[in-house]
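Using the hints, build the complex out of the two chains.
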Amino acid sequence: DTAVSQTPKYLVTQMGNDKSIKCEQNLGHDTMYWYKQDSKKFLKIMFSYNNKELIINETVPNRFSPKSPDKAHLNLHINSLELGDSAVYFCASSPRRAGTNEKLFFGSGTQLSVL
Amino acid sequence: GESVGLHLPTLSVQEGDNSIINCAYSNSASDYFIWYKQESGKGPQFIIDIRSNMDKRQGQRVTVLLNKTVKHLSLQIAATQPGDSAVYFCAENPNGGSQGNLIFGKGTKLSVKP
Numbered sequence: 093d094t095a096v097s098q099t100p101k102y103l104v105t106q107m108g109n110d111k112s113i114k115c116e117q118n119l120g121h122d123t124m125y126w127y128k129q130d131s132k133k134f135l136k137i138m139f140s141y142n143n144k145e146l147i148i149n150e151t152v153p154n155r156f157s158p159k160s161p162d163k164a165h166l167n168l169h170i171n172s173l174e175l176g177d178s179a180v181y182f183c184a185s186s187p188r189r190a191g192t193n194e195k196l197f198f199g200s201g202t203q204l205s206v207l
Numbered sequence: 093g094e095s096v097g098l099h100l101p102t103l104s105v106q107e108g109d110n111s112i113i114n115c116a117y118s119n120s121a122s123d124y125f126i127w128y129k130q131e132s133g134k135g136p137q138f139i140i141d142i143r144s145n146m147d148k149r150q151g152q153r154v155t156v157l158l159n160k161t162v163k164h165l166s167l168q169i170a171a172t173q174p175g176d177s178a179v180y181f182c183a184e185n186p187n188g189g190s191q192g193n194l195i196f197g198k199g200t201k202l203s204v205k206p
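Residue numbers (our numbering), protein chains in the order written: chain A, 93 to 207; chain B, 93 to 206.
Pulled out of the complex, with its shape left as it was, chain B reads as follows (with noise of 0.2 Å):
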């Protein structure tokens, strides 16, 4: 993939702010998809999922978007708390589960001011 530079994007958000983390993926024929949080110094948790069949997940306070027709995923989180100050990533999995190949984002950090 492309190197981003030296910095991860990041996104600052106020306390009790909704916030809104975009992802582009790459393969067309991908038809799975998933939003991981990494805090620092863990490994990345599972957050939301979603499949090509659908263009809408709700979970608890958050919600990912898909629109395949210009493979663009998002993830909202909702009255944002310090506690998700994270490193947030999308993946997409191109073999339809077969493979369980994985390729992830780039990652977007985010930070939330109390």
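Same shape as in the complex, but just chain A (with noise of 0.2 Å):
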């Protein structure tokens, strides 16, 4: 029953590793999202994909990629990891049809410990 999933919930890992974050949402919505929360809980943009397509691609080092395969999933894959990149991802999807309301609905996140 849960509208927006992502998995795992917990992911700690050494620094060099490479991880991914799956995200799935039955909402039937058009655009997915990534969040980045830090330390201070300031909630940053990431990445947002339409319908597969990718349309915001925020100030991200490239070690980050996002992957689409359909337009109800959004993954995150991250290069070799280091400690700066440790923090809770979000995953996040909205309708975004014209004319609709903006408000995003969110997934519990994803807390990632780089060691």
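Please note that the accuracy of each hint is not assured.
[To be verified] From the derived model, a few chain B residues whose C-beta atoms are all more than 10 Å from chain A:
no., residue
1, Asn114
2, Asn145
3, Lys163
4, Ser166
5, Ala171
6, Lys198
7, Val204
[To be verified] DSS-like, lysine-lysine: derived pairs with alpha carbons at most 30 Å apart:
no., chain 1, residue 1, chain 2, residue 2
8, B, Lys160, A, Lys128
9, B, Lys163, A, Lys195
10, A, Lys159, B, Lys134
11, A, Lys114, A, Lys133
12, A, Lys128, B, Lys201
13, B, Lys201, A, Lys136
14, A, Lys101, B, Lys201
15, A, Lys111, B, Lys134
16, B, Lys198, A, Lys132
17, A, Lys133, B, Lys160
18, B, Lys163, A, Lys163
19, B, Lys148, B, Lys201
20, B, Lys134, A, Lys144
21, B, Lys148, A, Lys136
22, A, Lys195, A, Lys159
23, B, Lys134, A, Lys132
24, B, Lys198, B, Lys148
25, A, Lys163, A, Lys111
26, A, Lys132, B, Lys163
27, B, Lys160, A, Lys136
28, A, Lys128, A, Lys159
Keep in mind that the hints were calculated from the coordinates and are not lab data.
Note that the coordinates shown come from a computational prediction; the quantities given were computed from them, not determined experimentally.
For glycine and all other residues, C-beta sits at the position ideal for the given N, C-alpha and C.
See the structure below:
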């Protein structure tokens, strides 16, 4: 029944490793996002996809690569993990059809700890 | 954005009192604003939204006020309950909804004392 689900919830890994976080939404939304929340709780957008097409790509290292196999899924792959990548990563979705509201529906987050 | 230091701004209220959480936004072109609530270990949850052609909107126990002159947004929670304890974020959409790129404020932690 979960609308936006992301896995895993916790991810602990060593520096230099490559890891992926998966996200799926069953709301039929057209747009999906990845946000990063740092230790001060500051939320910042990383990427946005609309119907599998990348529409927002903020200043994020190219070690981060989103992949959207279909509009219900947006995965985040991170190469060569660094200590500064430790954060909580949130997936979100929104209807984003013209004329509808823009509120986002968030997943429960993936806490990434890089050691 | 600017760093707010090591700790979130915190508002501590007694159960049953009203709470007012304030937010200053940055972009005078923003035309859509949202308040989110984030409980510990969870993702942000939508509370209430308001468009720039309004200055007040009410929900169940919550009211959002928008003052475009000073670029200020507030969230009022009536009869605050322990379950309201969370971090509250305001967010603005500076693109008129065309991009869905919400910009979040820094967050305020609300603690409700029983």
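Original post:
What hints, given by number in increasing order, does this structure fail?
Top reply: 6 and 18
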